[in-house]
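Residues per chain are reported as follows:
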Amino acid sequence: MNFDPRYANRNFASVGTRPIRPDGIDKVTGRARYGADFNMAGQLVGRVLRSPHAHAKIRKIDTSKAEKLQGVKAVITAADLPDLTDGDAAMYDILDNCMARAKALYDGHAVAAVAAIDARTARQALKLIEIDYEVLPHVTDVDEAMRHHAPLINDTIFTEGLEEKPAKPSNVTKRSQFGHGDVHAGFGAADFIVERSFRTEQTHQGYIEPHACVASVNLDGTAELWVCTQGHFVYRQHCAQLLGLEASKLRVTSSEIGGGFGGKTHVWAEPVALALSRKAGRPVKLVMTRDEVFRASGPTSATSIDVRIGARKDGTITAAEATLRYSSGPYAGSWAEIGAMTAFACYKLDNVRTVGYEVLVNRPKTAAYRAPSAPMAAFAVESAVDELAKEIGIDPVDFRIKNAAQEGTRSSYGPVYGPIGIGPTLEAVKNHPHMKAPLKQNQGRGMACGFWFNFGGQTCVDLNIGMDGSVSLAVGTVDVGGSRASLSLVAAEELGIDYSQLKAIVADTASLGYNDMTDGSRGTFSSSMATISAARNAIKILRDRAAQMWDIPVEDVIWEQGHAVAKGDNYGNLGKLSLKEIAAQSGKTGGPIAGHSELVADGAGVSFATHICDVEVDPETGATRVIRYTVVQDAGKAVHPTYVEGQYQGGAAQGIGWALNEEYIYGKDGRLQNAGFLDYRIPVCSDLPMIDTQILEIPNPNHPYGVRGVGETSIVPPLAAIANAVSNAAGVRMTHIPMSPPRILAAIEAEREG
Amino acid sequence: MAGIAVSTTINGDAVEYLCQPDEPLLDVLRDRLGLTGAKEGCGTGDCGACSIILDDRLVCSCLVLGAEAQGRRIETVEGMAHGETLHPLQQKFLEHAALQCGICTPGFLIAAKDLLAKNPDPSEEEIRFGLAGNLCRCTGYDKIVRAVQDAAHVMKQA
Amino acid sequence: MRYIRPLSIEDAVGQLAGSAGPAAILAGGSDLLVRMKGGFVEPELIVDIKGIPGFSDIRETAEGFSIGAAVPCAVLGENAVLKKAWPGVVEAAKLIGSKQVQGRCTITGNLCNASPAADSVPALVAAGARAVVAGPSGSRTIAVEAVPTGPGKTSLAKGEIIEAILLSKRAARSGDAYLRFIPRTEMDIAVVSAGVNLTLDEAGVIKAARVALGAAAPTVLLVEEAAEALIGRKLDDAALERLAKVCSGACRPIDDKRGTIEFRRKVAGVLAGRAATTAYARAGGK
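Chains as they are written, first to last, in my numbering: chain A, 1 to 754; chain B, 1 to 158; chain C, 1 to 286.
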């Protein structure tokens, strides 16, 4: 069917309102079922044995004692997950990450698993598995891993993206480069140049719900998987491929998800649970502990970034360059590449160059975390931009406004921008009362900008109209933070009915066509596009049925505010037919009424935000308190503004945690020392102020309502905004994230001592 | 290892169960009694997702043994609503969108209920420190604090 | 594994002394259950002491206060008389864990867990608190600082349990205070901490002082030299400076995931000064 996704200005009845979400009651009464809240008859408990070593060859695994323990129904190792990836390197890495094959590559790497009748037996069985390790030298630091004599994590890796193929293997899997113009000439034209190096430590998404699933493989080759995931269709593909199942015979149901933020976008424990179930012949429930979540899932890259920016006295940036080194765990990634693309995306630059290096380390496989790679690059660039403004003697907001990208600007990573929000967010910040509020002693203010691409992708939606006129909407993008509410609003808008007439659900993989996962801020963007398309398809049928009921040509029936209306003077006495009236007659007019849509949502529309932050630093202890925070971001069109605000606030809070306290701390032995919420310090309620939000709406031309993704951009500016604020408060430029009290105090002391 | 027989009261109902000596009350609630409203986010008392009220004290049910519940009174999120009527906190959490993923919500509701029982008119700071034992990774706490403020307001008028 | 809930101290001591394997005492469980969950301990016997008469009570005695071993820290905070007499001890106890943990954790457990970073211990040491220890060979009373002997280790023998913590009656013009440094505002373990307990004369001159530092050495440090730096003076800038210097110098900290040696040294001095200022004001000093 033809669907025109282009933006058309309109007045909204439902979109932009703030109703209660359809899954709300379940969630406040404890009835909502998350990953670990589901059980199957006869289910076993699965547990995973993990490597205590950062890097070790697995010489031999002896599972015989564990197998003999009463109550143990299956023990598996990599041998039970043979390589079926057929040359797909990315899938092979996922397989190896699920269960180590030749080597354990990080502290926490899965090496074996058991299924037993209860947790106690499973735990005992793990202790009976004997593994002969040959411990190898390890490296966990991104800069150290790049040195010539660093322990080699994978000797088949030769750096890609170099002009000549290197002669020796290395921990650098890839070099990538972006930019345009003549950077050398640009710096030559600069009156001021700022050059600095920055570091950011590794963080975890920190979702409160550990990974959890229940897997059941039947003798006939069919299987079921209940799992908390950001993309059950993607999990189905992964699991089917890794276990040699037919995708359509593996039915995956996404549970309610207790947070993902990118960390539940590829499989970890699920293939293991399926393999255990297959071997034991019974369903297996596998729930990670918090320790396992930190040691074996998630984290983002640790980075080391050099930035150089030059400008003329009048505040025009003449050249900008950055070298970005991102850790990717022990497997190849494209994290530095993304960082290199986003680094200067906010600015209109004639001469710009960024180079990214992907670096292997003995840490868990890097996973996406909310606008992955962008916050670190923004931290480095926006810190340098602030410093440069100071050197020139120009207000940091004015400096950014002067150099901001706009419609028609060729971005530093290639494409030419359409209508974008960086300029408007900066103007809004310039005029925001927060920027004029007075500061006290030891307080400082900072601001920073951020960019994220946003994604679209494959989407499928079913909209079914019941004979009572109620409407069910089945979507395939997992609802991570209220998208069932926003998609219901969109369906209500398009059909012209009340929100309360709709019920949106997330359908399982057997009930709906393929959907990409909820990532890239695509959930509401892409599924709303498909919902609009499905609703429009349903309206065609509704018009047809009304035409039948009236016995007039369908061309003469239009759809207005939830009703079929006969247009033209001939039909003056026909009145209107409501959706409900048409639905009631559907059995006689051709059967069920439904609208279906499958599409690739293109043109997600890039997203920009600018944040303002005030902090107070205790100069005697280095303790930092965030005392005021404001987020200004372009939403394109805020479908459910309350949940848009929630995305802004949540991203800012995660960024505040990252900026100040969150980090993976490894010992010299390569073991993670803080695998728990006690010492991996995410912000608690008393750490934060209210987080003010301002939603700007610069319509996305590629969406019927102008919607842009809103989920990720909000985590991009905070690292830099807080670093700028702390630097202003403490009187010393902070270049290492997190700015924990010992780092701040050390910087203050060093500055004092000159 | 022999099971321990426990008689207790949960949300006003007399309940009996058998548990192992080292079995946390959280596991008893979730795995033996089907009360999955309390969640395990950490199992070590650091996240508050398993919060319950035990004899008028807010506790993490992961840090209480099932055996300790003998003769005591337990309140969980499943007991907050009465029939068709939500507790004002539940209603305000919905209205303010004080949840995104919702996994921390039962723990926050129980902790907020305990907070308001002891301090019906808390300041923003008292709410923030009162709820500091409950981690939320989605909301940045802003809307949670507002929901609790609004619920306190409604409950005072009732 | 067995769980028992004895109803007398004799029974508790007897069961502990007679246990074949490792035995654990359960009061609040906020350390024990975490260690069991992590597989760090697997006791053969868990002795829940909350059923023993008196163990859950705070008693005011002729000598001062007796705080039963099973009294949750939340209850300490609700005891107005205790809070007035020993505000530093109570504020330290109220800093352990979250509201949820407060409903369970005890100062006796905090002491016996023997963490160098325990919040209530520096305050108890500064307060000169004593522990009543019951055991197979009778009862004895010891200074609280004699209980922990190193990280995770205590001087208690098999079969011994602490039944109560004693705080003496408050002398006139006395005040105590406890401060810790944590990166967040709640939920963290102390990176470094200081407890200060002062008694003044009528002129506001410090006549008795005890200063204790937490997370600054393998056990809580009672810094005698810090007390000497204060006694005989008013709490003026010179005294504060000397106090900070002495405390920083007394530290024997380590580098770990929570802080650096340098940071702990510096901040120990800062916190001692700030705690002393609060204690001095509470004692009526100006």
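There may be inaccurate statements among the hints.
[To be verified] In silico DMTMM-like pairs for lysine to aspartate or glutamate, Cα to Cα no more than 25 Å straight-line:
#  : chain 1 : residue 1 : chain 2 : residue 2
1  : B       : K118      : C       : D57
2  : A       : K567      : A       : D132
3  : A       : K390      : A       : D618
4  : C       : K286      : C       : D256
5  : A       : K436      : A       : D395
6  : C       : K257      : A       : E620
7  : C       : K245      : A       : E749
8  : C       : K83       : B       : E78
9  : C       : K234      : A       : D4
10 : C       : K84       : C       : E63
Worth flagging that the hints you see were computed from the coordinates, not collected in a lab.
Here is how each hint holds up against the structure:
no., hint, verdict
1, K118(B) <-> D57(C), "holds (21 Å)"
2, K567(A) <-> D132(A), "violated (81 Å)"
3, K390(A) <-> D618(A), "holds (23 Å)"
4, K286(C) <-> D256(C), "violated (39 Å)"
5, K436(A) <-> D395(A), "holds (13 Å)"
6, K257(C) <-> E620(A), "holds (20 Å)"
7, K245(C) <-> E749(A), "holds (16 Å)"
8, K83(C) <-> E78(B), "violated (36 Å)"
9, K234(C) <-> D4(A), "violated (81 Å)"
10, K84(C) <-> E63(C), "holds (16 Å)"
Checked against the numbered hints given earlier, this structure breaks hints 2, 4, 8 and 9; the rest are met.
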